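Using the sequences and the hints given, assemble the complete structure.
For reference, the chains in residue letters:
Number of protein chains: 2
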Amino acid sequence: MSLRFAVIPSGKSLAACVAAGLFLSVTAQVAQAKNKSAPVPAVQASKFNLADLVKNSSAADWRALNLENTLYLELPKGRVVIELAPDFAPNHAQNIKALVREGYFDGLAIVRSQENYVAQWADPDEKREVKTAKRKLDAEFTVKYAANLPFTRLPDIDGYAPQVGHANSFPAGRDPKAGTAWLAHCYASVGVARGTESNSGDGTSLYVVTGHAPRQLDRNITVVGRVVQGMELLTTLPRGTGPLGFYEKPEERTPIKAIKVAADVPVSERSKLEIIRTDTATFKSIVDAQRNRGGEWYKVPAGHIDLCNVPLPIRVQK
Amino acid sequence: MSLRFAVIPSGKSLAACVAAGLFLSVTAQVAQAKNKSAPVPAVQASKFNLADLVKNSSAADWRALNLENTLYLELPKGRVVIELAPDFAPNHAQNIKALVREGYFDGLAIVRSQENYVAQWADPDEKREVKTAKRKLDAEFTVKYAANLPFTRLPDIDGYAPQVGHANSFPAGRDPKAGTAWLAHCYASVGVARGTESNSGDGTSLYVVTGHAPRQLDRNITVVGRVVQGMELLTTLPRGTGPLGFYEKPEERTPIKAIKVAADVPVSERSKLEIIRTDTATFKSIVDAQRNRGGEWYKVPAGHIDLCNVPLPIRVQK
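Those protein sequences? They're chains W and C, same order as listed. Under the working numbering, the first residue of the first sequence carries the number 69, and numbering increases by one thereafter. Under the working numbering, the first residue of the second sequence carries the number 69, and numbering increases by one thereafter.
The hints are simulated quantities; they were obtained by calculation from the structure and are not laboratory data. Only a predicted model underlies this, so the values are computations on that prediction, with no experimental measurement involved. You can take every hint at face value.
When chains are identical, the list treats them as one kind, so a pair holds in a single copy or across two.
List of simulated lysine to aspartate or glutamate pairs, EDC-like, C-alpha gap at most 20 Å: (1) K367 <-> D356; (2) K145 <-> E320; (3) K367 <-> E265; (4) K367 <-> D243; (5) K202 <-> D174; (6) K367 <-> D206; (7) K202 <-> E265.
Shown next, in the form of structure tokens:
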């Protein structure tokens, strides 16, 4: 397949690919992109090339996922890797880990898949008992914006938050005036489903954003983390045909084999992933490159980047 | 399934559902949402309820899809309905219709599905000949911002365009200073794949945005329209495992049974759809309701709406 058909843009596509589902490690993607037989157009000017920036990064530009805060959602077709963000939802992260370690989720199911919105799992029969975890937690919609909370601000304007940026590789918003910070609802964000009451979510039902960022949910629901690998296992699920994308028949649901804390999984079975650090000069260069895409393909650089379009590359640990 | 598990939010979910894939007509969705046995929480205050606004709309709040500018992409699992936007890409719309009427696309395939980015179709073998359509067209990245170009501006800020709004039910950007307007890359936008040269896209390969809006593509590629129904047929396709989400093996591709212009299809086989008009008081109310969600579930109204989160309901013609 020749260039003419193959392309929207190259650097951009690779970027989106890196930012997104991550079928491959960044390294593998870069290797593939350099394969001359692949339908990838000319390499962009190095200064504006995400792949080169990633390739030329140093070990200090990456951090390993914290095993104690990483969950493996094991589905019939593979593993979804979730990183929890205890800086923003300490009590919910702890409760979800307690649920995981009780085996609460094992054998439950994905009960909902709504187009351009969320996939959600829960106990479809609502019969499973909770042993050690709590059934009532105060909401963690925002946290206090403290000096020790990491936050690398983007200069870009945002309609949903006075300031946006990244906190330890999570997309986040901040309101200095109100003294609050929160995780943003981007594609791949993981949140705690709740009913009408703020404190009605306990982590027994979680959802993942599978479409365009529903940022109106920010500060209305507790975000606990982010899918860093395996999004395609959730986004390609058949959509539920019931209201709100719930499956109407039990057999339409996708069973959850298990959810595990990475630290509890034998070393040989772990996904050994690193994520880009967001408090480095390299990350700033990556964002700059995405904000003003160069190379031959782009005719008009955007001069702006949306928080939820910032790539957060992962790679297999070296 | 009870409320506690069922919900992220209700009005919002319904809104997203309406805005998104549209398994059901709005009417059917509203009917389902009112079914007491469905896992849908209490109805929101009428003033802030998308479903009620849609239900209470008048015939003048809707327009039928223009049959001459509507394409049916027929896939093995169903029909994707695309509305072309000749106001913004007159030459490309015309050329694509010429290709359609030649039968150019019939029997071709979806060759690419990249996570959180695009699905794209083309002639995988690049052997099909073009008969009456053109193989070279000037780019239509922007159009002249003329007084007669419809544009209902949103008051919301946007990082990618000085002004955003809707032009005849299409999300669009505008730059009064430069005197230009363009269709925005939102989820469901349809664009003309091209190579490095601006004029290298002729419509023989088209893509649909399947993830978070890649607005950096705005003004860099010709957007010709928008999928108004059937997005789930594209977003749930298995992702290609080659670079940029291209399928590596021919058998992984999804065959295109045919693409037809709606006007050429027998009346009985047409999808009789109406889309919300974007130049009405009703539409303004819908956007207001989405910008500041009320009801019992929302604790903090966003006070802002992203162009690509504005719902554009469709319904079956009455």
